[in-house]
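Asker: The primary structure of each chain is shown beneath.
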Amino acid sequence: MNRISLNCENPEYDFLPVTESEREYKAYETESSSFFTDGVKRFLKNKVATVSLILILLITLMAIFIPFFWPYSYDKQLGVTLGEPVDPSYANLAPFEYGATEEARRANGEFVFPHVFGTDSRGRDYFIRVIYGARISLAVGFFASIIVLLVGLTVGAVSGYMGGAVDTFIMRIVDIIYSLPDMLMVILLASVMNAALKNTLNFPFLEKIGTNIISLFIVFALLYWVSMARLVRAEILSLKEREYVLAAKASGADGKRIIKKHLIPNSIGVIFISTALQIPSAIFTESYLSFLGLGVNAPMPSLGSLASDALNGVTSYPERLIIPALFVSVIVLALNLIGDGLRDAFDPKLS
Amino acid sequence: MKKEEKLSSGNDNKASNLIEALKAVFTSDALIYVLKRFLISLVTIFAVITVTFFVMHAVPGGPFQAEKAISAEAEAILKEKYGLDKPLFTQYLTYLSDVVTRFDFGPSLKQRGRMCLDIILDGLSVSAKLGVSAALISLVTGTVLGAFAAVKRNSATDRIIMTLTTAFVSMPSFIMGTFLLMIFSLNLNWLPASAAGGGISGLILPTITLSLYPTAYITRLTRSSMLDSLGQDYIRTAKAKGASGGSIIFRHALKNSLIPVITYFGPMLAYIVTGSLVVEKIFAVPGIGRDFIGSITNRDYPLIMGTTIVLSILVVFMNFVSDMLYRAVDPRISLE
Numbered sequence: 001m002n003r004i005s006l007n008c009e010n011p012e013y014d015f016l017p018v019t020e021s022e023r024e025y026k027a028y029e030t031e032s033s034s035f036f037t038d039g040v041k042r043f044l045k046n047k048v049a050t051v052s053l054i055l056i057l058l059i060t061l062m063a064i065f066i067p068f069f070w071p072y073s074y075d076k077q078l079g080v081t082l083g084e085p086v087d088p089s090y091a092n093l094a095p096f097e098y099g100a101t102e103e104a105r106r107a108n109g110e111f112v113f114p115h116v117f118g119t120d121s122r123g124r125d126y127f128i129r130v131i132y133g134a135r136i137s138l139a140v141g142f143f144a145s146i147i148v149l150l151v152g153l154t155v156g157a158v159s160g161y162m163g164g165a166v167d168t169f170i171m172r173i174v175d176i177i178y179s180l181p182d183m184l185m186v187i188l189l190a191s192v193m194n195a196a197l198k199n200t201l202n203f204p205f206l207e208k209i210g211t212n213i214i215s216l217f218i219v220f221a222l223l224y225w226v227s228m229a230r231l232v233r234a235e236i237l238s239l240k241e242r243e244y245v246l247a248a249k250a251s252g253a254d255g256k257r258i259i260k261k262h263l264i265p266n267s268i269g270v271i272f273i274s275t276a277l278q279i280p281s282a283i284f285t286e287s288y289l290s291f292l293g294l295g296v297n298a299p300m301p302s303l304g305s306l307a308s309d310a311l312n313g314v315t316s317y318p319e320r321l322i323i324p325a326l327f328v329s330v331i332v333l334a335l336n337l338i339g340d341g342l343r344d345a346f347d348p349k350l351s
Numbered sequence: 352m353k354k355e356e357k358l359s360s361g362n363d364n365k366a367s368n369l370i371e372a373l374k375a376v377f378t379s380d381a382l383i384y385v386l387k388r389f390l391i392s393l394v395t396i397f398a399v400i401t402v403t404f405f406v407m408h409a410v411p412g413g414p415f416q417a418e419k420a421i422s423a424e425a426e427a428i429l430k431e432k433y434g435l436d437k438p439l440f441t442q443y444l445t446y447l448s449d450v451v452t453r454f455d456f457g458p459s460l461k462q463r464g465r466m467c468l469d470i471i472l473d474g475l476s477v478s479a480k481l482g483v484s485a486a487l488i489s490l491v492t493g494t495v496l497g498a499f500a501a502v503k504r505n506s507a508t509d510r511i512i513m514t515l516t517t518a519f520v521s522m523p524s525f526i527m528g529t530f531l532l533m534i535f536s537l538n539l540n541w542l543p544a545s546a547a548g549g550g551i552s553g554l555i556l557p558t559i560t561l562s563l564y565p566t567a568y569i570t571r572l573t574r575s576s577m578l579d580s581l582g583q584d585y586i587r588t589a590k591a592k593g594a595s596g597g598s599i600i601f602r603h604a605l606k607n608s609l610i611p612v613i614t615y616f617g618p619m620l621a622y623i624v625t626g627s628l629v630v631e632k633i634f635a636v637p638g639i640g641r642d643f644i645g646s647i648t649n650r651d652y653p654l655i656m657g658t659t660i661v662l663s664i665l666v667v668f669m670n671f672v673s674d675m676l677y678r679a680v681d682p683r684i685s686l687e
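Those sequence lines, one after another, are chains A and B.
Counting from 1, one number per residue, gives the positions in the first sequence under this note's numbering.
Counting from 352, one number per residue, gives the positions in the second sequence under this note's numbering.
Next comes chain B alone, as it looks inside the complex (with noise of 0.2 Å):
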């Protein structure tokens, strides 16, 4: 405060109305709603933790319970290894540490010798590939047809683009993941069934698979929210000064039309996150979706405590950037 009388005295002009504009940032309710927006999506990633670490601790057994028949001796050796013999909250608390400080998630138990978070960044970096662009098509492809069949609205184009996507929509992913694997790759031969050995021609179906749902979404939403602003005063208010329509529909209309998008962001990625666990199992994709499904089968805790933890960083970091971005973009929108 101090420091801030200072620079103003000076007469400064130029600064003080930059304070003025910081000062005005910082007490306003737009950081405060920021500040309590992080607070939450930091609890709830310490909640994830808590949670999965207890949940997986609470399992009866123990992790162990699936080997032969184990001797007292090798298990307690076994236990040792992994720092199982200490009490529970003690575990807790150097998990906890382990993660936040270094990402460390500790060593496989079935995967010998390698660490959940190399296995986890090796089917991150297949998944990036597929989530990302199938965010992408499918934010493309959603806004130019969802744009389209408003302009054309109730031609049959329109009438097919909603069709399509009213079943796309109620289709699950895992079946429209199985007919496109029947149809390109075991009928028509051009596509391979499975993405194990590599190389992109194997990511195209379940890239495809992945983005139908989102596109059809983003295409509805972006219909609907288009109808809504070439209704809008400002529509006819440029028609009457003679805009031509090509300027109309994209600086105008599509423009407001795309905040609602925006507000899908987080959850495209949630739902991208969940719909790999089942594309990976079709098409054999060695990504985060099948090392969690694989290890919640092999019971490894380890590595299903740390997938589960950098999955929901990845959606809890995308929900607040959509939510932040929404606000931003659009002035109208109170916040809370």
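Looking at chain A on its own, in the form it has when it is part of the complex (with noise of 0.2 Å):
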């Protein structure tokens, strides 16, 4: 270190090859790395949290990819072809059996491709309806995290941020429906949303999903936005006593700009934390919604209603049920630990 103090009356050294043990001292004085890199390099080293990351990644990716190749679709009945008699052979497959007339097919040399987890009553491939569910799970646990996201994070900014009777006024609101039974708003709101938007929504697209999808996201956006917009209120209050915003109003930038440029960055650690363990909660909802019977339309499937449907024959096919409790079991532990992943590896203040 002090290298050019000690041998100044000697400054060829200067120049010489550094020796071993200068090396080694020079390996601990890396370059100096951002928060967000240090998060990455903390939650890495967590196994756990790693491990689950992979195994996130890896449903989505097939819940994403595998209905674009896979031969079977989610709601075509394998036995029943226009114009003929249903073909009973299809119903109820075990996994990796042939309907009769894939038999005959299989005989003549032709690969037909299994299924791999059987088909349902319905003769339905039951390996792409699980897939499907993963898809549906996946997403309005990803999309009701982001509503989530958006709402609380406006609200508590601006609560937090113009303090006052504002502030009060935005609080008692927060109280009030926080301390409600969310999950009976819940299912009376999807209930009566669903019978009102029925008909007033018809694009193809919502229809697949369904009206109870529609509100329950809608729901989420009115009821579950509360502690994300508490946590991010006391996180504004305590950072607007900072210096640095005092000499932001000093130089005469307006709230909006340090709403956006001081205080959510500032924040953002606590608040992807808290987004990122919204998502098991929102699939941990849909799931328990669509077991009662309210939650996506039929034929779309979803974790939860593939569960539900599964109870009648649970004696006789009970992989039908195992596979999707399985399913949503992984989806949702794997999350939550990689939200505590996340809390340990960006929030030093917490771990």
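Be aware that a few hints might be false.
What the hints assert, rightly or not - Simulated restraints on C-beta separations:
| hint | chain 1 | residue 1 | chain 2 | residue 2 | range |
| --- | --- | --- | --- | --- | --- |
| 1 | A | Gly293 | B | Thr445 | 29 to 37 Å |
| 2 | A | Asn312 | B | Arg587 | 57 to 65 Å |
| 3 | B | Leu447 | A | Arg242 | 42 to 50 Å |
| 4 | A | Pro299 | B | Ala409 | 27 to 35 Å |
| 5 | A | Pro299 | B | Glu426 | 28 to 36 Å |
| 6 | B | Ala679 | A | Phe65 | 53 to 61 Å |
| 7 | B | Ser545 | A | Pro299 | 24 to 32 Å |
| 8 | B | Ile551 | A | Glu110 | 52 to 60 Å |
| 9 | B | Ala507 | A | Leu58 | 29 to 37 Å |
| 10 | A | Glu241 | B | Ala679 | 49 to 57 Å |
| 11 | B | Gln583 | A | Leu237 | 28 to 36 Å |
| 12 | B | Ser506 | A | Gly109 | 54 to 62 Å |
Said to hold, decoys possible - Some but not every residue of chain A turned toward chain B, in silico, with C-beta under 10 Å:
| hint | residue |
| --- | --- |
| 13 | Ile176 |
| 14 | Pro280 |
| 15 | Tyr288 |
| 16 | Gly304 |
| 17 | Thr315 |
| 18 | Val328 |
| 19 | Asn336 |
Note that these hints are calculated values from the structure, not bench results.
This one's a predicted model, so the numbers in the text were calculated from it and none came from an experiment.
Note that beta-carbon positions come from the ideal geometry of N, C-alpha and C, so glycine has one too.
Dock chain to chain to rebuild the complex, using the hints, since each chain is given by itself in its own frame.
Answerer: Laid out in structure tokens, this is it:
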């Protein structure tokens, strides 16, 4: 370190190659890393969280891409051909079994794509239904938490920054919504909105998912933002007393700029983590509602509705319950573990 | 105020002390906080009643839409019978006053001849058995397991407990319920699969299903707070004084570790209420959760409103109680 001052009487020393011990010393003086790369490093050191992340990425990729090349579709009843009697040999196939006409094709030496998880009672390929179910669950979790993030962030930031009467008013509303029994309200609003939306919405895409899911999103936007808003507000309240905010004000920045440029970037870690933890809880809610028959519209499957349908034949076909159950549990568990890992990695104050 | 002065001027020291204390209580932050929380709870219940009322009346088609081709005349008679012909706001006021003064939710639309309140009370008596026993089981098992895991931390037992609770926390209740159903009543044939026949044995599986998640949650909560208190200075002091291991664990550590568990009372009840909706469906328990889901699928509007309001009052009240308990038990918590 102090080579220059030590060897000032011997300047050519500065041009010698470094010795082994010096190189070792230098290794500790790496370039400073940013908060983000630090966090990523800490996250990757956490084995459980990393494995969970890989698992979720795998499931997500499967859910997105498998439907593009899978030869069966989630709503095609394989035994049903137009103008012909229903072929009952396709219903309730065990994994890797084939229907009558498929067996005939196989006898001819043709390759028939296997039904990896068998088929359901209506002769639909079960594997693709589970994949679609996972797709719905992940999509609901993701979009619901984005909605919660947007609403909660806006309200919380405004409330925290404005203070005074606006803050008190917003916080009283938050208190009331917070003490509402959320699931009851979700069920109530979902069932009512379902009836209300049925007549007004007629996009083909929305019809497929069903108005229940749309109402679920609306309910999330109406009810679930409160904890995010509280969190953001608390964070803003502590941040806005900092000197750099005062400096920004002194140099003439308006409220919008201070919120956008100073307050939100500094509270982003906490916000990011609680958004990540929102995803599994949204997936939980969706599968719960689908299980009660208040989720996606048939024939579109969801992991909850698949489990609910499987209840009727659970003694004969237990795998039809176990597979979606396993998917929900693994997705929720992995997302929770990722959330915990993120908290440990990005919020050093908490750990 | 005058009365107080009179009393204190009577040189009665005890009385004046008492009054001083009362005065302190009534002007203290604590009371203001309690009153504020109580007021918010009341407003919340009022909001629930109002929202459910207007939301239910905003449904297009009205309650008789599902009926088979009904003549205009008959519909008018039905509407008059249920008071649906009056302006909406008048209906609201009548409903509100009926609910607040007499707990009257009106007659059920689908179960002819029965009042909603009777249906709700019938369901509630079954659900309460289920819910209370699930809550007690989770509290006892959770604290015991949690304390045990903390005392034996990093041992194999601790790891097993933590792995199991992690799994239970991430498994939705409908999945645990169906698995228990599959294993214990369909495969092993030990317990009945349905509680519809009545009897205690039918309620065992639903109770266990309902208590798994709170048990796991309380175990984790107790373990972490127990670990925290075992590291405190007063534990070292107790050890230095020569207190026995049992006394340290129960009198010093566990007592202080139970505070977070108390805060979980409210959320636990909320979980049990929502969890019972699913559990009652799986095991065919004739409880309030089944009434609620049934009323939604049959569009029995008065019953939907009634069950929502009753369950909400329950949850809001329990949240209030658990908040108060929490603050009463732990003086360190500032009252906002």
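Asker: Just pull the numbers of the violated hints for me, sorted ascending.
Answerer: Hint 10 alone not satisfied by this model.
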